[in-house]
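Undergrad: Chains as they are written, first to last, in my numbering: chain A, 1 to 320; chain B, 1 to 320; chain C, 1 to 320; chain D, 1 to 320.
FYI, nobody ran anything at the bench for these hints, they're computed from the structure.
Incorrect hints may appear among the rest.
Pairs of lysine-lysine residues, derived as DSS-like cross-links and limited to a Cα-Cα distance of at most 30 Å, are as follows [as the list claims (entries may be wrong)]: (1) A:68 / D:68; (2) C:41 / D:41; (3) C:68 / B:68; (4) B:41 / A:41.
On a predicted model such as this, the values are computed, not experimentally measured, just so you know.
Number of protein chains: 4
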Amino acid sequence: MTLDRTDPEGAIAEAARTYSNWGRWGEDDVLGTLNFLDEAKRRQGAALIRRGVSFSLSQSFDMNGPQKGWRRRTNPVHTMLDTGTDAVVTGQGFPHGLGGADDVIAMPLQCSTQWDGLGHIFDHGKAWNGRPAERVVTSEGDLVTGIEHMAPHVAGRGVLLDVGRVIGEDGELPDGFAVTAEHLTATAEAHGVSVGRGDIVLVRTGQLTRVRRDGWGEYAGGPAPGLSFTAAGWLHGTEIAAIATDTWGFEVRPNEFEHAFQPLHQVAIPNMGLLIGEMWDPDALAEDCAADGVHDFWLTAAPLPITGAVGSPVNPIAVK
Amino acid sequence: MTLDRTDPEGAIAEAARTYSNWGRWGEDDVLGTLNFLDEAKRRQGAALIRRGVSFSLSQSFDMNGPQKGWRRRTNPVHTMLDTGTDAVVTGQGFPHGLGGADDVIAMPLQCSTQWDGLGHIFDHGKAWNGRPAERVVTSEGDLVTGIEHMAPHVAGRGVLLDVGRVIGEDGELPDGFAVTAEHLTATAEAHGVSVGRGDIVLVRTGQLTRVRRDGWGEYAGGPAPGLSFTAAGWLHGTEIAAIATDTWGFEVRPNEFEHAFQPLHQVAIPNMGLLIGEMWDPDALAEDCAADGVHDFWLTAAPLPITGAVGSPVNPIAVK
Amino acid sequence: MTLDRTDPEGAIAEAARTYSNWGRWGEDDVLGTLNFLDEAKRRQGAALIRRGVSFSLSQSFDMNGPQKGWRRRTNPVHTMLDTGTDAVVTGQGFPHGLGGADDVIAMPLQCSTQWDGLGHIFDHGKAWNGRPAERVVTSEGDLVTGIEHMAPHVAGRGVLLDVGRVIGEDGELPDGFAVTAEHLTATAEAHGVSVGRGDIVLVRTGQLTRVRRDGWGEYAGGPAPGLSFTAAGWLHGTEIAAIATDTWGFEVRPNEFEHAFQPLHQVAIPNMGLLIGEMWDPDALAEDCAADGVHDFWLTAAPLPITGAVGSPVNPIAVK
Amino acid sequence: MTLDRTDPEGAIAEAARTYSNWGRWGEDDVLGTLNFLDEAKRRQGAALIRRGVSFSLSQSFDMNGPQKGWRRRTNPVHTMLDTGTDAVVTGQGFPHGLGGADDVIAMPLQCSTQWDGLGHIFDHGKAWNGRPAERVVTSEGDLVTGIEHMAPHVAGRGVLLDVGRVIGEDGELPDGFAVTAEHLTATAEAHGVSVGRGDIVLVRTGQLTRVRRDGWGEYAGGPAPGLSFTAAGWLHGTEIAAIATDTWGFEVRPNEFEHAFQPLHQVAIPNMGLLIGEMWDPDALAEDCAADGVHDFWLTAAPLPITGAVGSPVNPIAVK
């Protein structure tokens, strides 16, 4: 696929048409490609738990995160309602020496490791499955495809594609590097792992490793390695259930068109119904996979069932 | 164990001494009984994935929850930063027909389905492992045992003890019913399931079923069935990794002493280092277990790694 | 004016037409009736400061307020970022014995004493001055008539109309009591006070006195005394700059039509451009006015300039 | 007063002793220097309303503010619960063509124009009036001197000291410029205005003018012009009720000692009981004062009565 850099509109329209899954799971569908993740796939994934070692693929949730306020996205603000200092000094009004601490959080649902819900992106006013965006997501939230519908489903076979290690130098792809279907295929081959229907794919670019070393910089919204717009066909053809990256925005940035913003999202979410994860932390898992040569595992990455949410923070757990 | 209802202070002191795990995993420990959940246990748990069917054990996170403001605990407030109505009407300033929705949440970490972190409760100014509470939890959060330390660990063998179904009438225990070690043992026997070191136990009382039918009432903080103070020995002796209930407060309420507040918490969290879950929703899983007679399963219930948090919302996923 | 209780649509349409101020202050106007409050009015108001005694007309902002979650309106959640207990116990990392406390708040802008901005209510898709509602208030806030535009203006002559004391029994109007133009006029006459162009009128019904004594009950959204729909002409003809009440919703509730919701708002805000205050606390001031017989005063009630807000908490200060 | 730059501890101790107001208004006092603002002062202030023109002295409250997350201080996050786009597209479930918009805010109380409450700063564990800090401010807020106590009081005579215009070049003092008592006195003399008991003083340094032109930079916490530590005697001796600046931190930064943090706060708030305002916007008012040569005015700057708050956002209104 050759991109005409001056015509994102045309390229998006063609890809949307070619890779659409509208109607594939009925007109009432609220799960998109998560439909590919079935019980057989879970049985296959379960067999991958061999050693019993588990990995969190989540970044931290705190004020030291990368958010700078763009689109009113802040880092999480975590405050205490009660503390140990209070317990010791005031007794807190509790009997028999009991003390307690309690806390609250205020955060954008996209502030750190997260899933994009199906209501997160629209294409020319259409949400997933062809629904009018304005009937799906109002100020009351996503009335149709809220992330709560995915609550029980996101557990199955995970596959790490460590493109940074296989294709990059010193384990990292540079910002602006577009990961194509060829890169993904070559990485899977190098790992000796297959990718197919119902899998949850985790692509490691190495950008997180880099910003962890060098400072956040423009991690939240700036240049990054990521999926090429041309990878849309691979995303569709593999019939994967979900895909996540270690970057803020999943796709390569700057985007590959002259005047564009997240064109692959526009194809993948509303047209393909693909579940996309961002800001995951694959590094500990990737170290382990590089060491033992096994790149598939059991993965649970259940969103919080926040009613009507168009995204959710998540702590994905891989077990090998 | 016979309780002197007039002496919670004495009973707590004795139980704390008898069932203390301080120092058991070294003086730097931040995991408590989660140390029991090892790789062998995960391998054992993985073998329980037979059919590939998954269940969310989480209640909803929205304004329709049970919180009424006690201790500044509100229901989650979820608001939108961008919507589909905006996308359609204003175009949102995006190119090529892209539209987007984004959202934020403000919530107490104990508002719905959740884990209590090790810094959640103190006993006479001591936090887990004997640390001074005032050195552990300040306004900056839990500086030592924050829930982020548990991020990769909570995945293993889960066991449902459906005490409501086995001991209760019509599947429910009445409010104020104290679940003793005998009830737990009898339920396990009725299920034909074992409970032991490293397991994550889920106790269903049926209260959630009841309030779902009858309205929240005083679910958040009022009378409830729950663990008897006398079950402390069972919690300790079984060497379980964690335990959760379908109630707001884990232990029976009113508590079993004349003037007391959550005395079992005071023993279990700071002294035993036990991970406690509350407000879980076991009902769909319990139906399935009653139907197929299998009460153990693979369970992943990873807290969000909110740095310094003394609790975390969680969407626990059981797979059979 | 006689109301046809079955035809709110017709009554609203007629009142909207009759009492419209669209275009009165130019097509770019963002202030509505606040335009009536001019420098001469401020000079008149200033002359009312005779004794130098000041009154806050604000209710508290805390978790003990009346909100119960309807329309996601909670009471304010105020939490601490640093405390005195921390300062004493940990030193907080500050040098030379300095200690500090800091705090945050999360609150609906309509949770307690507040102004309704001009973008708060629409009539058949039209916002103040005839603008399309969808061009005025999006998820980014009120892009045209945000409350910040009112920031410097709300200071002038205030007039208390203590309808509760003049018309009610024991100083209180019952819930459901509709305050008509006749009641307002009679009250002003009883007080010996005039009401006219540019004044800020405060109507005391006594409901707040009652719920303060008896408990909040349904104060936030339930039955209440308040302005009759038929008072629209008085609101328009007097050319007042603003009006506030001690009730949640300004107008009488239940509303005076069979199937209606806040019909007077629909006339007063988008059509008249009237600044409306709710949940004010007039009681201390009213005591003083009853004692000295002086019912007008200098009033400052400046909204916080929250960019794009459709309302604002306010602490109105009356000085006599 | 000559400062020993190496001994903040000693200088603070001496100033605290010399300028203490502990006990001056009784042991139960919760108002500090606001006690100086009496009815006579208000009558004096009212006489300054001559033209009837009003000025807001507040900066904006939005995501474009200067906060960068230091000490978990973010800019205000304002989100909508309902919008005009929704009203037009969905009808929102309201009858007779009514539409509505509603909003919420989450913000640190020190994020923009604000008052520091008396519980905001401690000196060696002592809060205002000599109270133990740990008994005053816990996680539940300021239990004694919460800002709600000041709700009705902050209205009186305001005086602008435009030190930037009088002492600075082009109307601005450079960052790091320490404003001494001599500068304040010289400025008052240049203006021909007196400063005395019960006044609310507004010091303009010009820094806000500069950052408004050049970008925020390190406005929130970085170098700034401001009050010299040596001005403590002036603050005490004048018996002013309150003082505010157009800077983030009131006092000069870097502070005048080698290793120090806000030493003047440590004297002024807990020892003197002085009400301090920060991040005010004096520029429109200062233009007017420069034009008409009148530097005193009626000022209302009432904090929101947030129960237990150690600070409050405020929209101060000056009227001349």
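Undergrad: Taking the earlier hints as the rules, which of them does this structure contradict?
TA: As far as the earlier hints go, not one is violated by this structure.
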